[in-house]
Each structure stands twice: as C-alpha cells, then as structure tokens.
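Colleague: Put the complex together from the two separate chains, hints included.
The listed protein sequences correspond, in order, to chains W and L.
Taking my numbering, I'd label the letters of the first sequence as residues 1 to 199.
Taking my numbering, I'd label the letters of the second sequence as residues 1 to 177.
These are computed hints drawn from the structure, not numbers from a lab.
Mixed in with the good hints there might be a few duds.
[Said to hold, decoys possible] Straight-line distance between alpha carbons at most 25 Å, and here's what the computed DMTMM-like set of lysine to aspartate or glutamate pairs gives:
id, chain 1, residue 1, chain 2, residue 2
1, W, K56, W, D126
2, L, K93, W, D20
3, W, K56, L, E116
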Amino acid sequence: MFQNLKIVNPLGGIQAERIDDGVSVYFAPGELVHDLALAGTLGPVAPYVPPPPPEKAPTYATEAEAVAAMVAWIEEFTDPLIGGTPEEERLSWPVKEVAARAYLGGAPSDDERAMIEGEAAVTGEDAAELAELILAKAAPYRAAVSALAGLRRKVAAALAAVTDPHQYEPTLLAAKEEARALAVSLGLGAAFGIEEAAE
Amino acid sequence: MTDFNEILDSEIDPGSPLNTSLFSRLARNPLAIAEGDVSAPPIRAQAMTRVAAGSVPVRTDPRTSEYYSTSWTAVYSWVLYGSGVVRVSVESKGSNNTYKPNFRITKNGVVVALWEGALTAYEVREADVSFVAGDLLQWEQITTLGNAAYKPYSRNFTLKTAGELPLVAEAIFEPGA
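So that you can see chain L by itself, here it is in the shape it has in the complex (with noise of 0.2 Å):
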C-alpha cells in the first residue's frame, strides 16, 4: 500500500523549488488514492463515472411487473453512483382500453416524465433524466379500477447511455400479479 503523503501550498508557490520530495509525493499521491490509502481523501461516489443518455442499453431487467394499485407504486427502483445523464427506457400497456393506466419516472420522489392513458399494446416509454451520486430513480405505475382486470403491465427495465456503464448502487424490482 502506497503512503499518501501532503503536498501544502507553500510549496507549490511561485519560486518554490522542485526538488524530489515534492515530486516524488505527486507521482505518489495518485496510487496511493487508488489504492485506497487511508491518509488519502476518498474517491466520492459522484466521482465513480460519469454518463452521457444514449441509446445503448447497459442494463436491462427483462422481468415483467404486473402490480396494480389506484395509487401510484413504484415498480422498478434505482440507486446510481456516479453522475450525468442516463436514458431510463421501460416498455408497458394496460389491460383495458376503457380504463387505462398511467406510468411516470420519478427522481427523488419529484415526477420528471409521466404518461396518461396507455393502451393494450406494450410501447417503449423513455425519458433522458439527470443524477448525481445517491440520486433515486424509480418506475412508477398506476391503474384507474383496483381490478385485476385492469392492470398494468411493466418490463424489461433499461438504462441507456452513449455505452458507458452506470453504476448501480441498488436495484429493486417489485413484481405484483
């Protein structure tokens, strides 16, 4: 393990001399944060990647949710390290084209895309959403008649970026039926 060592201002001062200790120290200090060096500062989770929305799909959860509820219930959750933005890609319809269902994405609670009357047929609903680090994304889906005969349907939940790879601190998958 590399020792992590400070480097203060007053040596890096204009006329400061460059000797072998300081750069010994900045060839140093880098591996010594890798390698998790407790003198070091840590690596932040904003820090761990950071993504651009594509359409390339790097993480897809193909199950299928079939919860119903007459209020809103988030079916598919996510956790994200890191920071950006990720394309949140899910397909879905409804049982009953008299009593549809609505779907949305939720960021930390605050709706940042919703659609209203979805019909019997599945339809890719995506929307680009911006994160930070801890930032909880979630799929959400609520049925008009608390029936089994009218509920909605949710699957193959999708992050999408230009192909970097999110991190995922957590997934939760909520199946219903």
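One chain only, chain W, in its complex shape (with noise of 0.2 Å):
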C-alpha cells in the first residue's frame, strides 16, 4: 500500500508514498497510522536526517566563468612582456620580424625597408641596429607566446573535464603555478617580472 516512508520532520511525522498513484501522504504523531507506521507495520522507515549545512558556493560556478579568468589572468600575466604596447603596434609585430630579417639579410621589399627606416628615422637609430633590435626581442616573445598558448589550451581542456565546480579554482591556481615554472625555463623569469627561487 505504502512505500518510501521516511520522518520527515522533528516531531516525527512520517510521509509515505502511495504505490497505486504515487501521491505522497502524512501521518501526524498520534494518529494511529503513525503509529502503525513507526511500528513498521507498513514497510521500513528511514529516520529523519536534519538538512545539511549549505557548502560554500565554489568562487566560479561555471566552466564559462572559470574560463574567463584564466584568459584575464594571461593577458595580466603578459602585460610585462608586452611593455604597455598599443594593440595596434602588437599587431604589426610579425610583419616587423620578418622585415627586421630581411633588412639584414640585404634584400629586403620597399614596403619591408620602409617599414625599418621609417622608425629607425624617427627614433634617431641606425636602422640595422633597429632590425638587430627587433629580432632579438622577437624570439623570447615568440618562444612565451606559443608556451602560453599551449598553456592555455591545456587548462581549457582540464577545466572542460571538471565535474565539481570547486575544482576549477585549484585547477587555475596549478595552472598558474606551472605558467611561472615556464616563464623561468625559458630564461623569460625577469621578463615576465618573476622573481627566480634562490638555490
């Protein structure tokens, strides 16, 4: 007839839920199929369990959320390598490369050696120590950048994996940790303004 039955609250009531429709019902204490009830008369009766306490809410709930400040937490973490460059000049770094390169390799486009002269001229340098300049600065960056960027794809795919939202913050903070580790072994520790432990 009944099935399910559990005390559901401090007095001990007991709510039951009928097998024909499903329909929970509740049986107050002193009526006598409470007692019938509590006698387990009518099945089992699991006891009653106080509700837990609530848990702390995890400090990002979602994936989205989680994601957000691994990409805010980059861009904070590179902010030293870029040297406050505009975007726009940031764009151009590629192009500049490989006109850096062909400006010494003494054969470089129009285009390419306006590209070096014409900044070479406002900054008063020689412009094959400007292409020297660029090159060397390219390589460290190029080398943090695609480290980052596996970085980043990495903790993506680990934080995609998370089942427990109070995971993703100490997911983050690994990552964190292990972005540290690979700025230093790249040589890149003081670039990237981190101081290296003493040994």
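Modeller: Right under this line is the structure:
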C-alpha cells in the first residue's frame, strides 16, 4: 500500500508514498496510522535526517566563468612582456620581424625597408641596429606566447573535464604555477617580473 | 433580511407543544443564518467547504518560480478556508545533476512532504495534505549551492480534489529569478 516511508520533521511526522498513484501522504504523530507506521507495520521507515548546512559556493560556478578568469589572468601575466605597447602596434610585430630579417639579409622589399627605416628615422637609431634589436626581442616573445598558448589550451581542456565546480579554482591555481615555471625555464623570468627561487 | 430568533431548550423538551411560533423560527432561522443576520451565529470558515483529495485540478497557477537560496524558501503559499484533504501538486526540477535541489511542503511550518535530489527534468510531485480553516500550506525549495547556475524551478502550482472547489483565502507567489 505504501512505500518510501520516512520521517520528515523533528516532530516525527512520517511521509509515505502510495504505491498505486505515487501521491505522498503525511502521518502526523498521534494518529493511529502513524503509530502503525512507526511500528513497522507499513514497511521500513527511514529516520529523520536533519538538512545539512549549505556548502560554500565555489569561486567559479561554471566553466565559462573559470575560462574568463583564466584569460584575464593570462593577459595580466603577459603584460610585463608587452611593455605597454598598444594592441595595434603589437599586431604589426610579426610583419616587423619579417621586415627586420629581410633588412639584415640585404634584400628587403620597398615596404620592408620603409618599415625599418621609417621607425629608425623617428628615434634617430641606426636602421640595422634597430633590425637587430627587433629580432633580439622577437625570439623570446615567440617562445613565450607559443608556450602560453599551449598552456591555455591545456588548461581549457582541464576545465572542460571538471565535474565539481569547486575544482575550477584549484585547476587555475595549478595552471598559474605552471605558467610561472614555464617562463623561468625559458629564461624569461625577469621579463615576466618573476623572482626566481634562490637555490 | 430575516431575523434570527433563539429557540430555547425548554421549547423542545419531550412533551413541549409544537406550535406555530416554534415552527416559524425553525423555518426562518436558517434563512437568517444564510443572510448573515447579526443576531444569528456566524458561518465559520471551517464550515465553508469540505473537500476530499482527488485527481481533479481545481486551482492552478501556471507561473514558474526560479527562486534560489541555500535556505528553505516558500515560493508558493495557500491559506485555505473550509476543511478536508487537498492534493498539492507542483512540477519541479533542478539545473545540475551534481548539485540537486530539494523541495518540500509545509503545513503551518511543519514539513509534511519532502523530495530530495531533484534531477534536471520536470517531475510532478504531489502530496495529500489535511487542513482546517486558516492552515498555511507552502511549497518550498532549496538549492545546494547559492548560485544561479544551480537554481531550482517550480511551476504549475495546483490544488487537486475529487471535484469540490476549495476556498483559498490567499495565494502568494515568489518568482525569484
């Protein structure tokens, strides 16, 4: 007749589910049917379980929030490497590197020559010295961004695999440590403003 | 308005005469009660109606509540006239199959039905609840984590009987969202 009997309040009231239609009924203390239920006549009765205290909310509730936090942190982390350069100028770095390489190779196109000599004319630098400076900065920059791109994709995959939102924050913290270690291993600790641990 | 006139016990003792005055009061006093004569005993809320629980939806509020809190919160309340047993029926679900919400029905603050671990598909949850006039029945929900990503949903707040219409003095809805 009844199933899933359980005590649902501190008074000892019993909730029972009717088998034929699934509707729940309540047996109040003092009622004969409550006594019968408590005696086990209607089936096992689960004891009262007080509600647990609420869990602390995770720092990041969803994967999207964690990914957004990761991207924001990467931008902050790479800021020392960029050195306050506007985005429009950063977008020209790959082209400038090719131009500098061609200039030092002795066969730049007109555009490539204009790019190097145009900047040197403003700063008063020697164009060839400027081209060497560009290449000297380009190599570590490329190493850093490629490593960080790989780390970002690895961390994004780790965040996508998380099932408990409380694990988003530890995943990101571990990723930050890995990013710092990567920068140091590439000899870019100083560039990223990271103090290497004394040995 | 018909006047209510008292009938003394001595007038209806064994052997008391059956006269026109007595029969006139017997005939007219019910009219006075129904018309609300100030001298007549009032119809109490308890007597307004008496219902039996059944499968006939007699009162439905189709709105959806998305209220989320890590404390039990009443998102729908009924204060009823009359007496009897009414079936409270609500569709409810959660948003996440790891952190599932719980739902319950309380009568005057006492839990009379509890459902734990709701999944992410709507399910009808029903319980027959006895009541007397003035009882407060409430549908409550609680979320495991206090974040909009884990909110519970409740909709189609329905009272079902065998066909009689319960008199609802007050119904309060808390939408949340």
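Colleague: For each hint, tell me whether it holds in the structure or not.
Modeller: Results for each hint:
no.	hint	result
1	K56(W) x D126(W)	61 Å, violated
2	K93(L) x D20(W)	23 Å, holds
3	K56(W) x E116(L)	19 Å, holds
Violated hints amount to a single one, hint 1; each of the other numbered hints is respected by the structure.
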